[in-house]
Amino acid sequence: MLTWEFPPRIVGGIARHCEGLAKALSRQGHEVHVVTLDLPGIPYYEEIDGVKIYRTAAELGHPNFITWTLLFNHFLEKRMADLSKEVEYDVLHVHDWLTAPAGISFKHFLKKPMVLTVHSTEYGRSSLHSPDSYAIDGIEWWSTYEADKIIVTTEFMRREVCDHFRAPWEKVKIIPNGINLKKFPESVDRGAIRRRYGIHDHEKLVLCVGRLVPQKGVEYLIKAVPRVVQRHHEAKFVIVGDGWLKSHLEHVARSSGHERKIAFTGFIPDSELVALLMSADVLVVPSIYEPFGIVALEGMAAKVPVVATQVGGLGEIIEHDKTGILVHSRNHESLAWGVNRVLSDSGHSKWLIENALEKVQKTYSWESIAMKTVKVYKEVVG
Amino acid sequence: MGKAMYAGSSSPEVPEEIRLLCMLHNIGATTPEKSLSLPEIRDWTAQEISTVQPQLQNLMSLGYVESSKTEGVDKYHVTLDGIRKVLSMYS
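Each protein sequence line maps, in turn, to chains P and V.
By the count of numbering that gives the first Met the number 0, the first sequence reaches residue 381 at its end, each step adding exactly one.
By the count of numbering that gives the first Met the number 0, the second sequence reaches residue 90 at its end, each step adding exactly one.
Any given hint might turn out to be false.
Subject to a maximum C-alpha distance of 30 Å in a straight line, what follows is the list of computed BS3-like cross-link-like pairs (lysine-lysine) [to be verified]:
no., chain 1, residue 1, chain 2, residue 2
1, P, Lys22, P, Lys110
2, P, Lys51, V, Lys74
3, P, Lys172, P, Lys361
4, V, Lys33, P, Lys77
5, P, Lys170, P, Lys111
6, P, Lys203, P, Lys222
Below, a sample of chain P positions facing chain V; criterion: calculated Cβ distance under 10 Å [stated by the list, open to error]:
no., residue
7, Pro225
8, Gly240
9, Thr362
Which stretches of chain V does chain P cover? Using the computed rule of at least three CB atoms under 8 Å from a CB of chain P, they are [as the list claims (entries may be wrong)]:
no., region
10, 26-37
11, 62-72
12, 76-85
Since the hints were made in silico from the structure, they are not lab data.
The beta-carbon is built from N, C-alpha and C at its ideal position, and this holds for glycine as well.
Assemble the whole structure, with the sequences as input and the hints as a guide.
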């Protein structure tokens, strides 16, 4: 498995996806080697739950993003070349374009099939706004062309990959993202956790988790704050995550007139995030582009009602008014309506939570996702 | 990749100091052993020291960059929080 992020190097959802899949494949008796990039202070090799993890340093860098990417791919290739002297691989599984150049080279060198998981596309993320963006789009097309099979996590992404890259429909398989339900304890000390974030017992905790970049739509949530506070004066908003948009969002929060109602936590560790999710009254996912939306699944597993925009995978994960509330994207009024709906009717929220948990348990276990992935591996191995 | 990500939207562009942070990260200045002096950063980024220096100060105040003295020369590298900040743009 080739991925540029693997815990504790966590950028977005890919790291958790690769970890969940790799461990489930290992539990099912498959030998899994993950080749990934290093992170200062973390061992270059370790074995966790049967998964062999090889972390690789890019010994040469360059300020240009694309050049840097090609350079670290070169070092990943070198690492894999060393490994292939000792191990015979059956299939290469590449995650996203960032490690595709190394994967494609290795596919031809080893003469082994390559499976590619497309987690998102540059076209979807940024609408191809710059020369770098076009270059990324080109590498993404190349990787879909070279892949023996392509895995996407939602029907939405299948359409995007087939329409934009002209990939044959039958080459693209849908296997959803998974979630590790075991990381969610039965209960947490809700009061203590909420107090750590300045939330008193009588107050309502509205939580938002995500990278602070435009595609996550956090600005719309901040703009929804006055409408929520108007009906629920006791509401407080906690925004978890980091990103280049943070200072702008802090400015928007200050301008909202409700600065004291909005807290930015920055990055928080996974265990703390689980506890915070389980202590929230509502989780809001205000994205404007979301190929899957794993944070919504985490909310569902944490037994917190989810209000999400009806974009991309979110519209497939959540059934409106049954497993969560779907609202319009880029629309703060709609977001406020969704949050108010949840906060105003605790009986309905409880029902949403029960339905959501049942759906997560049935559909999104890593065991089932690993089995579906192995089926794809078998198709390409022949 | 992050700059003007959403053409037509009112979102601001990536701040200059964050672009510098990305460049330091991509160059590989991510540990004290790989830290870079101001002239080295100037050469890599093709920016004047007078431009880079205040941005580095800002990045240090945010905890994204640390400096250390090697043989009397101030050198700079990206911290773990800084790496996370950069990576948040690349996904």
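Checked hints:
no., hint, in the structure
1, P:Lys22 with P:Lys110, "holds (26 Å)"
2, P:Lys51 with V:Lys74, "violated (35 Å)"
3, P:Lys172 with P:Lys361, "holds (20 Å)"
4, V:Lys33 with P:Lys77, "holds (21 Å)"
5, P:Lys170 with P:Lys111, "holds (17 Å)"
6, P:Lys203 with P:Lys222, "holds (18 Å)"
7, Pro225, "violated (19 Å)"
8, Gly240, "holds (8 Å)"
9, Thr362, "violated (24 Å)"
10, 26-37, "holds (count 5)"
11, 62-72, "violated (count 0)"
12, 76-85, "holds (count 5)"
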